[in-house]
Each structure stands twice: as C-alpha cells, then as structure tokens.
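2 protein chains.
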Amino acid sequence: MTKTAAIIGGGVIGGGWAARFLLMGWDVRVFDPDPEAERKIGEVLENARRSLPGLAEVAMPNEGALSFHDTIADAVIDAIWIQESVPERLDIKQKTFAEIQAACHPGAVIGSSTSGFKPSELQTGTARPNQIMVAHPFNPVYLLPLIELVTTDANNAELIETAKGLLTGIGCYPLHVKKEIDAHIADRFLEAVWREALWLIKDGIATTEEIDNAIRYGFGIRWAQMGLFETYRVAGGEAGMKHFIAQFGPCLQWPWTKLMDVPELTDDLVDAIADQSDAQSGMHSIRELERIRDNNLVSMMRALKAQDWGAGALLKAQDARLADPVVLSDQAVRTVARAVPLDWTDYNGHMNEARYLQAFGDATDKFMELVGCDAAYIAAGNSFFTAETHIRHIDEVHAGHKIHIDTLCVMGEGKKMHLFHQMFEGDRLLATGEHMQIHVSLETRRACDPLPAVAAVIQKVAAAHALLPKPAGIGKAVGVKG
Amino acid sequence: MTKTAAIIGGGVIGGGWAARFLLMGWDVRVFDPDPEAERKIGEVLENARRSLPGLAEVAMPNEGALSFHDTIADAVIDAIWIQESVPERLDIKQKTFAEIQAACHPGAVIGSSTSGFKPSELQTGTARPNQIMVAHPFNPVYLLPLIELVTTDANNAELIETAKGLLTGIGCYPLHVKKEIDAHIADRFLEAVWREALWLIKDGIATTEEIDNAIRYGFGIRWAQMGLFETYRVAGGEAGMKHFIAQFGPCLQWPWTKLMDVPELTDDLVDAIADQSDAQSGMHSIRELERIRDNNLVSMMRALKAQDWGAGALLKAQDARLADPVVLSDQAVRTVARAVPLDWTDYNGHMNEARYLQAFGDATDKFMELVGCDAAYIAAGNSFFTAETHIRHIDEVHAGHKIHIDTLCVMGEGKKMHLFHQMFEGDRLLATGEHMQIHVSLETRRACDPLPAVAAVIQKVAAAHALLPKPAGIGKAVGVKG
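Order-wise, the sequence lines are chains A and B.
In terms of the working numbering, the first sequence has 63 at position 39, counting the first letter as 1, and numbering is strictly consecutive.
In terms of the working numbering, the second sequence has 481 at position 457, counting the first letter as 1, and numbering is strictly consecutive.
Because the hints were derived from the structure by calculation, they are not lab data.
Among the clues, some could well be false.
It does not matter which identical chain is meant; a pair holds if it fits inside one copy or across any two.
Within a straight-line C-alpha distance of at most 30 angstroms, the following computed DSBU-like cross-link-like pairs (lysine-lysine) qualify [stated by the list, open to error]:
#1 Lys484 - Lys500
#2 Lys494 - Lys440
#3 Lys188 - Lys484
#4 Lys203 - Lys119
#5 Lys119 - Lys494
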C-alpha cells in the first residue's frame, strides 16, 4: 500500500523531504501557510526529479501524489511520517506539535528537522512525547543520505526502529544519536568551522573564495569519502591511531584557533562576506548553482558507488532493496530498468555513446548472472569477456528519462554466447547492442568452455529465443542497412 | 631541460612530493637519514603510479630519475625546488635550512611542508630569508592539488611568482596566503573539528565511526565541491548571503560548541579513540586503506573533472597545459594518448568494455575538432552524432598503463564520416573501433551536410587515408572473422 507522509513547513528543507518521499513512491500532504509554498516546493521537486532517480541502477517506484492542505489537521490524515520543518523557534515548534498531535495517528513518527534543539526540549509539554524525535537532514535533502535521528528515553523503542526502517527505505542513512546534545553532531563541526571562517575574513587573512578553495582542493575531498578519523588513521600509517594522536594531539595546546571568542557580526563583517561571495559566485544565479551542485553531488556519489564505498555503498544497498527480481524466460529478458543519470549526458545534451555501452554492459552482466555466471562463479575463476560489440544508435535520450533493456540470447554454444540487447524509452527504440561474449578462465586469461551447469542454461535459453522473431539489425556490419 | 627537485626528509609527505615531481617529469634527489627511506618512498611512489597518471586525459611526461643522497649538500645540487619535510620542530627546521642554503642555488625555491610554523619563524636567522617560504601540502600529496603558499615581505616577489608557476606546472593549486598566521588556513579548520570530535568521543556522544559517517554522508560531500561559503550561498537561496548570515549568524551565540576548552588527552581517551578506530577500520590494513582512499579520490576528482568544477576544473586546466598539439596528417592521426584511470577497471580487473568506447569517443571528438567541428562549430548548432559502432576487443589492459589511439578516416562524403580507431598499448593492439558519424543540426536534431569548410577538410583527409593499407577488421559484422 502507498505510504503517506505529511510535510509541515515547506521551504528548502521541507521541500527536499517532500521530493525524497514522492520520488520514493510515497504520497505527500503538505501544510505551509506561505502562499508561495506550492511554487517553492515545485522548484525543489524539479531539481530532485532531474538528479535523484539516476542515482539508482534499478527502476525507482512510481512517483507518489502531492497535495497541499489548508490546515495541519487535514495534512496529517493517514500520515505514518510527519516531518516538521517550521522556523527554528521553540515556541513555534511546540505549538505546531500540539496541532499535529491533536489530529495525527498516535503511532505515526513525528520527525523534526531542527538543527539545534534537543528532542527533550521538543517533547516538553506535548501530549505524546514518545512520538516526537529529531530527524535532522542535510541540504539538498533529496540527495544527501545523512539523517541525524536523535531520541530520548521518552521515545518508544519500537517506534525508533520503525523510524529507522522508513528512513532507510527512502534512501537515507539514519545516524542514531542516543545521547542528546545541542546541535547534535554534524552541526557542531559546521559551527566550529563557520566561526573560524568568520575570524579569517574579519582579520583579512583569506576571502570567502580562498577559504572555499582551501576546503575543496584539500581536506574536503578527503572527508567526502572517509571522514575525519579514518583519514587520520591512514595518515598515521602502520604505527596506528595512538601514534597519530601522540603526533598530532599536542598541537591542540598551541594557540592556533580563534575559537575561544565569538566574532561580532558587525555590518562591516557582513558586508565583507556578502561582497566577497558576490565576487566569487555572483556570475551564477542561485538556480544555476543548485544545478551545478546537484550535478557535482550526483557525479561524486556515483563515483563512490562504483567503488562501493561511503555514500556510494549506501546507494548500492538501496538498489538491492529496490530491485525487482528478474528471471530467465522464453521471451526477451528485461535485464535493465533505470533512469538516465545526470553524469551520463555530454556536450550534445543527450546520453553519451559510451554510456549506451555501459548500460548494455550492465544488461550483459545481469544476463550472465541469470545463467549462473554470478559473483561466486567469477570468484572461482570463470567469466565471460566481451569480444565484439555492434551498437546502432536509433534515437536520443536525456537525463532523468526512464530506459529499459530487453535481452535475447541469439546463440549459445561452446565458448560463445551471442547476445542482442534492445534499449527503449517506453515503446521508443533508442539503440541496439549486439555482443559476442567469450567464456574465459580468469587464471589463464584464455577462452574455455563454461562449467556444465551454466552451459546447459545458456543452451536452453538460446533454443527458446531462437523461436522468437529475429529483430532488425542483427548480424550487420557498420554502414549496412539493418 | 629536465627540472630537478630536492626532497629533504622523506616519509609520507616528502614521499608524496617526490612522487608528484617524478611523475610530472622532474628528476628528484632525496636526502633522508632514515635507513628505511628508500623503501618508504618506493611505497608512496607505487601508490602514485597507479593513481595519478590516469587523472589526465592526455599523455603525462616521462617519469624523471629518482636518486638518494647521503648529505643535504649533495641532494640540493642542481635543484630549482627544495622541499623541506623534516619533523615539526623549529630548531630542526632552522638547522636544515642552514645546511640547504650552504649548498643550494641562491635562486632556488626552498619550500617548507610545515603545517604550523609561520614563514617568518622559518626565515629567522637564515642566510637568505627571501628563498624560504611555506609550501604546505595535503596528504596524499600526489593527488590533492592544494598547496598553501605562505610568504612574508622578506620573500622576493619574482621568486614567489616562480614558485606559483612551478607548483601549477606539477598540477598543484598554490593558494597564496599573504598574511601569515599560525597553522595557515586549512589546518585551523582541521584543528577546530578535531577538537570538537575529541569532546564528542570523551562525552560518549558518538564513536569515531559515527563521527566519520556524520561527515561523509552529509557536509563532507558538499564541501568536496563547493566548500563552505558557496554551499551556504546556495542554501540561503535568492535572498543572498546577507540573509543567510542573519538567519545563521545568531546561532553562534548559543552554547553549541565545546571549543572553549581543550580536552585533556588522557590514556582513557586515547584508548577509546584507538579502540573505536580499530572497530571501524581494523578489517583493512593501512596499505589497503591507502588504495581504497586513492580509488575514491581519483573517482571523485574525475567525476568533478567531467563537470569541469572544483578540483576537476584544475585537472582540465592541467590537461590543456600538458597536451601535445595534434595535427591532421596523411597517416593515421594520434587522437588519444593517455593512461588508463583507476575508475575505468571492473570486477574482471581490466579496463571495462564501456571505457573502450569512452576512449574511442574521445578519439572521435579529437578528430572532429581537427576537421573543424570544434566547440565554436558545435555552439553554432552543428555536430556529428554517432550512428553506429563496432568494437573488436583484441587484448586486455589494466589501470595505469599507457594507451594510444590512431584514427583513420575511412570515408567522408555528404552527411557521413566513417572512422576507424585502433587502440594500442605500445605496439600491442588492444581493440579497434569502427564508427559511422552522421552530421546533424542540433536545432532540428536531423541529419544535414557539414558546413563547406568542414566538408572540404574531411574529404581531403579521407582521400589521403584511402591510399593507406586497409587494417584488418573493417566492415565486418559481429562474429565474422576479420
């Protein structure tokens, strides 16, 4: 059954939550008194639609239904997750919780996007404290997986587990913080860095652009994949963490940071920051910067996915949860169903030719797996290598569009497995890929027959597919009409 | 003429410098009294060889010569860059500078890898203060581009410009810090975050793994591409930086960070960190973690390169500086010369089939550019699309190996341009790619003739290439012997 989320408070954060729930197949009911809310959430949703689906190597659920409501009571009907993203004032938040709890299901999760308040502060004076927890996301909410889930002893243990499961289901990583503190974990770091940055600007040491470059050309790239401690563990070398701390720890006693004081935000300092930021980024509109950011994030997260590491490992796990089971059949096999990722397009604005082959390669991998040439078979020293490929490009396709590939086994005898892939967007044929796979020993790197069980499956499916009508374009050379 | 660098002090940092200089074609002379220095630098160099060359889309210079020397005086002979990476004690550093300056060229740059000392402290009491500047790198030095170049008024302005040029030449980004402070810029942030992290562990709020996840699943990925201020500029939306500071700034007054105090590094705290780090990462050796880290960094930096942003934009600029000019010829045209990047290999351990097509696509792009279908031609609304491709995989190739592609124009008439690419490692044929390109209007997305100037060049080169011996494999269908 379709799940329902209520979004109380739109804006960038509420809109990001709405987009993530919708694209993961949830219905979303929004309450936001801002007359611009619908437009604003629409803009976030547009960004999310172009970036999120292509993060997956599998088909995403069908998008849920989005509706806007005049009252909180109306918005929370049927919701099993209610996300509060109203302004960061405790009195406003507590008033909002009272309205939510007067109308919502007592078993629903009420998550707060607060970056500063402790859950115990949010729970104080509410009808059912056990429902309310901090679920603090990071912008853009539709792409970044981290959610700080902060709970108290008042929270129901079962509901916490439910919350973790639901967050994981929409592709998030719930980091369960069991001991509440102001600002949770990540924002404490952000605060510390922000404060230091203000001093550097105030003292004229560096501009906003120089500070950004100091971060993104150096430790920022490191942190994107390993964080702080694992990075230092590697830096410390074989001597280990204790050695690293012995080396680095004493520096903490040195007068290196300005962090003992809070710099006053005078008009001069604010102007200096705003002017420097204009000089650095003013050539791009915020909308352009959002798209640049999302292109970068998607590209880097997909790069990490190919390495099965960090945020990329989360994406791989999400794919495994979302993937529809595929079985061999006497008909063409649906080996790929996915959206075109942002990083698969090129200067012509469409999917780059090499990405067609990447998708066909994925189709071949899936077909291999189905005939028994799976990870264990490969680990045991056998595999198929591609000997030849013939791609015919029939039509264009663009980022975010849904594609699928149907695969026929044209021939399977001895060392050879001859496949024919057809790539579609809906009914529209985009390309065909004809592949000759050769079975090899990974030890000798030479051709050899598949193991008997795999050979038998290939022969059986090839015999069945031989009875199907032969698609156009098989067996042609380049430049010869199909 | 080959440039020479002297590396005074090996280890992880000095070794990283050595590797970067060597792989960018410099000769490197090392002084390090550690009897293990040669082995240690060899290990860093091995990591660098597998990761750095593939960051480029063009051929790297030939690797320089590495030599080890018993005295500083011997090491600094002929060096135009001398990099000091000795232990972080001012007396040791100053003694080292004295030995260096007694033997080195007075016009050489003497860079210090210090993460904490100010250049004025390093210069004090030296024979020629104008030579000595801070050139603070980030680990792994062979991959991360940031160098904090910190100078004083004692430094010669011309030498500073020389230093910037040499750093840029080896693929680094010199961030010139003109007003010296302890710990420069980036390490002030690292200090602030490290200190906060120690408190979180000491107070039992989070483990090392939870802290790393809080960073790498959230703001870490953001910072890898935009840093702090540009990230917040986007978050602030159309209202701009002033609005953002008005919203976020006051939070600084709240008691959110523990940064007023320095936590004492008791045995208990050190043990807690070491134990948690073992639990988090102990399943991998440091050597494994280094390779995982480098795979991740290369993949993300190359992802950013495809977006021409951040550290990736630096790589693109570096390619432009390194690229050898290519011209059309009556012989096959050398359209690609590069190393196989780490992220082009797959579970079979060799270059993935889709990456062969990516390299052939790059070869096609270069050939298009040479016949006049360049960025301006495409911006004016014309391009070639690939209609068909036939790839024959002849042999395997692995990460870090040098490949090149020679391109023939088999036919060029009307809308059609028929190319035949041959990919080699040295003399070994790896694959052929036969491509039918169709000239299109980017407005109508339909086939049309090229503009006359481009058509004339294509016809001319096709006529010349028609006189060459026809390579095996042209015009064959999949499964037909070439």
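Evaluation of the provided hints:
no., hint, in the structure
1, Lys484 - Lys500, "both (25 angstroms within a copy, 28 angstroms between copies)"
2, Lys494 - Lys440, "both (19 angstroms within a copy, 28 angstroms between copies)"
3, Lys188 - Lys484, "neither (44 angstroms within a copy, 66 angstroms between copies)"
4, Lys203 - Lys119, "within (25 angstroms within a copy, 50 angstroms between copies)"
5, Lys119 - Lys494, "neither (67 angstroms within a copy, 80 angstroms between copies)"
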